[in-house]
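Participant: Take a look at the letters that make up each chain.
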Amino acid sequence: MHSRYEVVIGLEVHVQLTTKTKIFCGCATAFGRQPNSQTCPVCLGLPGALPVLNQQAVEYAIRAGLATHCTIAPRSIFARKNYFYPDLPKGYQISQFELPVCEHGWLDIDLNHKEPKRIGITRIHMEEDAGKLLHGGTAGSRVDLNRACTPLLEVVSEPDMRSADEAIEYLKQLHQIVMYLGICDGNLEEGSFRCDANVSLRPFGQAELGTRAELKNINSFRFIKQAIEYEVERQADILDEGGKIIQETRLFDADSGTTRSMRGKEEAHDYRYFPDPDLVPLVIDAAWIEGVRAELPELPEAKRQRYIEQLGLPAYDAGVLAAERAVAEYFDALVALHPQAKICSNWVMGEVLRALKEKESSISACPLPPAALASLLQRIDDNTISNKIAKQVFEAMWQSGAGADEIIDQQGLKQVSDSGAIEGLVDEILAANSAQVEQYRGGNEKVLGFFVGQVMRASKGKANPALVNQILQNKLGSRS
Amino acid sequence: MSFPPTSITQLHQQLRSGRLSAVEVTRHFLQRIEQTNPQVNAFITVCAEQALQAAAAADRQLATGEAPPLCGIPLAVKDIFNTEGLATSCGSRILHNYISPYDATAFARLKQQGAVLLGKLNMDEFAMGSSNENSASGPVHNPWDLQRVPGGSSGGSAAALAASQALATLGTDTGGSIRQPAAFCGVVGVKPTYGRVSRYGVIAYASSLDQVGPLANTVADAALLLGAIAGYDAADSTSVDCPVPDYLADLNAGVKGLKIGLPQEYFIEGLAPAVKQAVAAAIEVYRSLGAEIVEVSLPRTAYAIACYYLIATAEASSNLARYDGVRFGLREQQDGGLLQMYEQSRAAGFGAEVKRRIMLGTYALSSGYYDAYYLKAQKVRTLIREDFNRAFEQVDLLLTPVAPTTAFALGEKTDDPLHMYLSDIFTVPVNLAGTCALSLPCGRDGQLPVGLQLIGKPFAEAQLLQAAQAFESATDWHLQRAPLA
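Residue numbers (our numbering), protein chains in the order written: chain X, 892 to 1371; chain W, 698 to 1182.
Incorrect hints may appear among the rest.
Some chain X residues well away from chain W (every beta-carbon gap over 12 Å; in silico) [what the hints assert, rightly or not]:
no.: 1; residue: Gly-917
no.: 2; residue: His-995
no.: 3; residue: Asp-1167
no.: 4; residue: Glu-1249
no.: 5; residue: Asp-1272
no.: 6; residue: Asp-1273
Derived Cβ-Cβ restraints for the label pairs, each shown as a range [stated by the list, open to error]:
no.: 7; chain 1: W; residue 1: Thr-761; chain 2: X; residue 2: Gly-1031; range: 51 to 59 Å
no.: 8; chain 1: X; residue 1: Lys-1023; chain 2: W; residue 2: Gln-747; range: 35 to 43 Å
no.: 9; chain 1: W; residue 1: Gln-747; chain 2: X; residue 2: Gly-1073; range: 43 to 51 Å
Quick caveat, the hints were computed from the structure, so don't treat them as lab data.
Where is the CB? At the ideal position from N, CA and C, for every residue including glycine.
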């Protein structure tokens, strides 16, 4: 990515978990409600209130750990991270520090379908989110604590990425995984999946890491790429001029596409982490882990591999189909009913996803269940209709919700395979286009396509194309 | 029989028989508070109206003949307990205007039985102190000698009992805060095993040490109250799910054959002669009742105070971060900025001892000092716990003084925090070990009560109370009332 320096990137991703209730109290986690309507003494940090760990959040953490090849700690500890801020009601955040719930994992990323590259995952720990400050207005700033105490996973990678593209690929994979696991809604804009990037440069060949800057406040994949690329150039310019990089936290500004210093190392907080005496150690036994493992869905990487190796799909198709769990499951159901993987893939990628995109809808709201589509594909397979007519039937099914056979019957779309009827049409076309007949007979066989098109049009698309071809060739040939 | 009875069990019988009504008993105590509180200052808040309503409700329930033992019993709780709709100041200016929206579990369990809350009791600010002189509501005066302290931090809880302002009270004990004031005021005070009583709704000082317990005029009353508040609470992750026995069932089992250990480190130079004498006499009472007395050793005792003041202050520095002027309590803001609001609110809201402990604790947790202070203190804590485990392999109970002296004079130690801290030397190790202990009156130093401490195995409160009951039955110290009473 850079000619003079090796780029080193490590990512810290905050994954907001979709548990119904908060991590340490029973309040709802719904987004966008009336400020402070989802609060109680615990998440308001009222005197005397105590946290109680949400077991569902633990299970989600185990899912994430298993899906990223981590070791699940049999015993982990919640710690307090102490700092003052108005969105942090207790004056400390309950997090994990020395003993996180998951450690030593990895993800393989596969840029351009070449040799996969392994990105280490240092740790995944559980923590609570802070509230939100609403600035502006003459009344000053206000605090909304609806989000306070909602469960987060912080996924910390090793500094294994060497370009913005690798970082994006890693993030997309992680994003896919947490969505597959059903533990995060994946909404970057609402902050359900947030990323901080640690970026540093070093001369090629140097083992020691350069001084890093931590980039914050990046809420889209595009911005992450922009922020990293800007930061790499900024650091390279400094190093080129013989300057030194300062260890600091930098804020990404989406409007200008630049980063600016937020606080330096000397202003860094001393968080005074210590084990939270209000919570007992989190003990996870092997039975719990195995129970969660047994319930894990097939993950995107495994699906891609299976699509390529067992179904013989091109890597591109496999990537598109596996990207979203609901799409992959739709495809899986379709293939189970209609075991012609490439045809199924073409229809899902071509028609289903196109139609959903046009309607700005999602696969979960797809009006055409896999069984309905399978019955349509069956009618192509048994020559009841042509591929082209099938697309017309598909549209009608989508609109009306009716079955394929019903539409084919009602609209009289059944393919004409009666050779007598087709011969009649062929004769008419040949009679009306004597010039082209001459051309064909003069050796220009490309004209055959013209005749096929004319006959198909005359049959309103219903003539069996193979039969049309055969009859045309017979008739044109027989007169030569 | 005197009016009103001085024990819960007696009063319960009279309420059930209809000889007394909860309303008339409540009126009596409210009047008593009104008369004596100007001298004692045990109550921060008196909730007369709510108390009379609760008493009337209790009378209705008593009339049905189906009333639990605490129905209609006039009680008061330390101002550290959240009580819905009532001021809960924790003895601090920073919560001077705080009305709690919810009940602490321990208090809720009393309320559920129909107990009548008379009010909220004075205490050292955020339970930090051994004399109740660190209260934003002013010091509490010992009913046995108004020039002396009642002990702390549950000074109000002990003094209110000694002044006959309530029939029983709740306190909290982080390093001796129930036992030492109980000793100074001549009442019974129980510090249960850590995890025995829910801490939910109890304003935290040092979370790994804080424990709720009852103070009462008799061992039986303390046993009854403990039974009512003890037990697992899903809202407190550190409460332990272990069955609560009926503490009254075998209360009179006696001490015959019981092995009682005397930790040699607790009988030291500097122990006031009257305390030494009273405790020695108590040992003889136990011997005469058939207990076997043996010497044991708790060799790490000398490190307990240092260990406690690192762990407790570290936890406190974090626990007290929520008092920032943002959402509740005192907010001072002369200048505009956020930092100024924090600094000014906390500077004006916290007293000197609280500030001292926040600074000590912040230091102990700071980067570069954590290992040398906090972590090392945790290791020492483990060693202290091992001391107790080893001792309990040899004996059933430990017997010690509660404090080196009886109640000292108001102002005597306020200029010397270290000296003040040392008054907790016999009580602090129990909190570090997490086990249970109680204090009961065992003698007099002139006018002033002397306290005896019994320390039990974890969750062996029943045995602890049986031993205390045996002593109480054999002596009459618990019958002696303070002159003010």
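Participant: State the violated hints by number, sorted upward, taking the hints as numbered earlier in the document.
Facilitator: 1, 3
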